[in-house]
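Sequences are here, hints too, so could you generate the full structure?
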Amino acid sequence: MAITRDSDMHKRRFSRNMGLGVVLIGFVALVFGLTVVKVQGGSKMEAFDHQPRVSALPASEPVEARPQKVAPGAPVGGTQ
Amino acid sequence: MSDIGYLDHSKEAQFGDFVALLKPRVMSLVVFTAMVGLLVAPNPVHPFVGFVAILFIALGGGASGALNMWYDADIDRVMRRTKGRPIPAGRVTEGEALGFGLALAGISCVMLALASNLFSGLFLAFTIFFYAVVYTMWLKRSTPQNIVIGGAAGAFPPMIGWAVATGGISLESVAMFAIIFLWTPPHFWSLALFMKDDYSNAGVPMLTVTHGRRATRKQIFAYTLILAPVAIGTAFTSIGGPVYLATALVLNALFIKGGWTILRRTEETAQEETYRFEKRYFYFSLLYLFGHFLALLVEAALRHFGLGGW
Chain A
1 MAITRDSDMH KRRFSRNMGL GVVLIGFVAL VFGLTVVKVQ GGSKMEAFDH
51 QPRVSALPAS EPVEARPQKV APGAPVGGTQ
Chain P
1001 MSDIGYLDHS KEAQFGDFVA LLKPRVMSLV VFTAMVGLLV APNPVHPFVG
1051 FVAILFIALG GGASGALNMW YDADIDRVMR RTKGRPIPAG RVTEGEALGF
1101 GLALAGISCV MLALASNLFS GLFLAFTIFF YAVVYTMWLK RSTPQNIVIG
1151 GAAGAFPPMI GWAVATGGIS LESVAMFAII FLWTPPHFWS LALFMKDDYS
1201 NAGVPMLTVT HGRRATRKQI FAYTLILAPV AIGTAFTSIG GPVYLATALV
1251 LNALFIKGGW TILRRTEETA QEETYRFEKR YFYFSLLYLF GHFLALLVEA
1301 ALRHFGLGGW
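Protein sequence lines correspond, in order, to chains A and P. With our numbering applied, the first sequence has no gaps in its numbers, which climb one by one up to 80 at the end. With our numbering applied, the second sequence has no gaps in its numbers, which climb one by one up to 1310 at the end.
For the record, the hints were derived by calculation from the structure and aren't laboratory data. Cβ coordinates follow ideal geometry from the N, Cα and C atoms, glycine included.
SDA-like mimics (lysine to any residue), calculated; alpha carbons at most 20 angstroms apart, straight line:
1. A:Lys11 x P:Phe1015
2. P:Lys1011 x A:Ser7
3. P:Lys1011 x A:His10
4. A:Lys11 x P:Glu1012
5. A:Lys11 x P:Ala1089
6. A:Lys38 x P:Leu1055
7. A:Lys38 x P:Gly1167
8. A:Lys38 x P:Val1110
9. P:Lys1218 x P:Met1206
10. A:Lys38 x P:Pro1047
11. P:Lys1257 x P:Ala1270
12. A:Lys11 x P:Lys1011
13. A:Lys38 x P:Phe1051
14. P:Lys1083 x P:Leu1098
15. P:Lys1011 x A:Arg16
16. A:Lys38 x P:Leu1118
17. P:Lys1011 x A:Asp8
18. P:Lys1011 x A:Ser15
19. A:Lys38 x P:Asn1117
20. A:Lys11 x P:Val1019
21. P:Lys1023 x A:Leu20
22. A:Lys11 x P:Ala1013
23. P:Lys1011 x A:Leu20
24. A:Lys38 x P:Val1045
25. P:Lys1023 x P:Val1133
26. A:Lys38 x P:His1046
27. A:Lys11 x P:Gly1016
28. P:Lys1023 x P:Phe1129
29. A:Lys38 x P:Pro1044
30. P:Lys1257 x P:Ala1246
31. P:Lys1218 x P:Ile1256
32. P:Lys1011 x A:Asp6
33. A:Lys38 x P:Ala1113
34. P:Lys1011 x A:Met18
35. P:Lys1011 x A:Gly19
36. A:Lys38 x P:Asn1043
37. P:Lys1011 x A:Met9
Anything over 12 angstroms on all C-beta distances counts as not near chain A; from chain P, calculated:
38. Val1133
39. Leu1139
40. Phe1181
Here is the structure:
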């Protein structure tokens, strides 16, 4: 059979490509959904960003005892 | 002339051929038992996280199926039952199946670990290793007890489901493992009694061939006796309760009774009746496992409403 648009080979490849496309879109949806759930679940999202601050210190340590370091030149009370 | 129609494209894989590599029927059992393991656990899991976890546990099971088909392609070509699988049929190459299996194994373990916890991801990786390497590569062709130890791979999913919720292992998850582990031999050997497959031609030692059908009947009965106390004993763990106990008592009594009938039957009688009883026993074994796990699920649902349990 000559290779035309509706040849058997095209049908088989189309089935594979379509399947893979659906799977990839599904995977993206899953990862997005997981992200939404994890964020709503209140997982720890605040991490160290090179600026030590009270809220990023381990909770077990007495936070009052640790003076907050402020980078020279930074506005008083500013954490970012 | 540009006619290249002589190329045989009928052997090019369709999407369904890659799905077939995952052994969808085995996956359905994995989905069900993993789901029960997850739902009966004391820690609630967000429904979407639970859904994703079960999906990737099933995908991990599928990956080990693909690796099994890659390694066993030589046997599958010989046996009638497996000749139509994608690799023996020539639609998927062995290399494609290997790559597909390895990639899916990696994706499923990493995604399970990210969705739930690291322990579950590692547990799934161990399960895939156990099925693909310990069972398929090592035991399957070397001992007639292959399916006994290989059955462990099929028994891990409820433990992984439990680990997704709790992050560990406990008596209850081991009990669910033990039920499937001890159920596999009578389930599979009853199939081997009436599926006269040419395992011996393929070089796979099957108990019915190496030790004879009489010995297989004895083993089936012996396993039903070992299985019963484990299945009934699970009723007295935190996931059990009166509904489960009643179900387990009835199902185990019937399973032992059936095993006894199998033991007493001679090969001549069985052949005359075209293995009618053996076939019924095989289908009952599916109902047996489904019934136990469904009862566990009912107990968990009842506990949700303040009922169930002891």
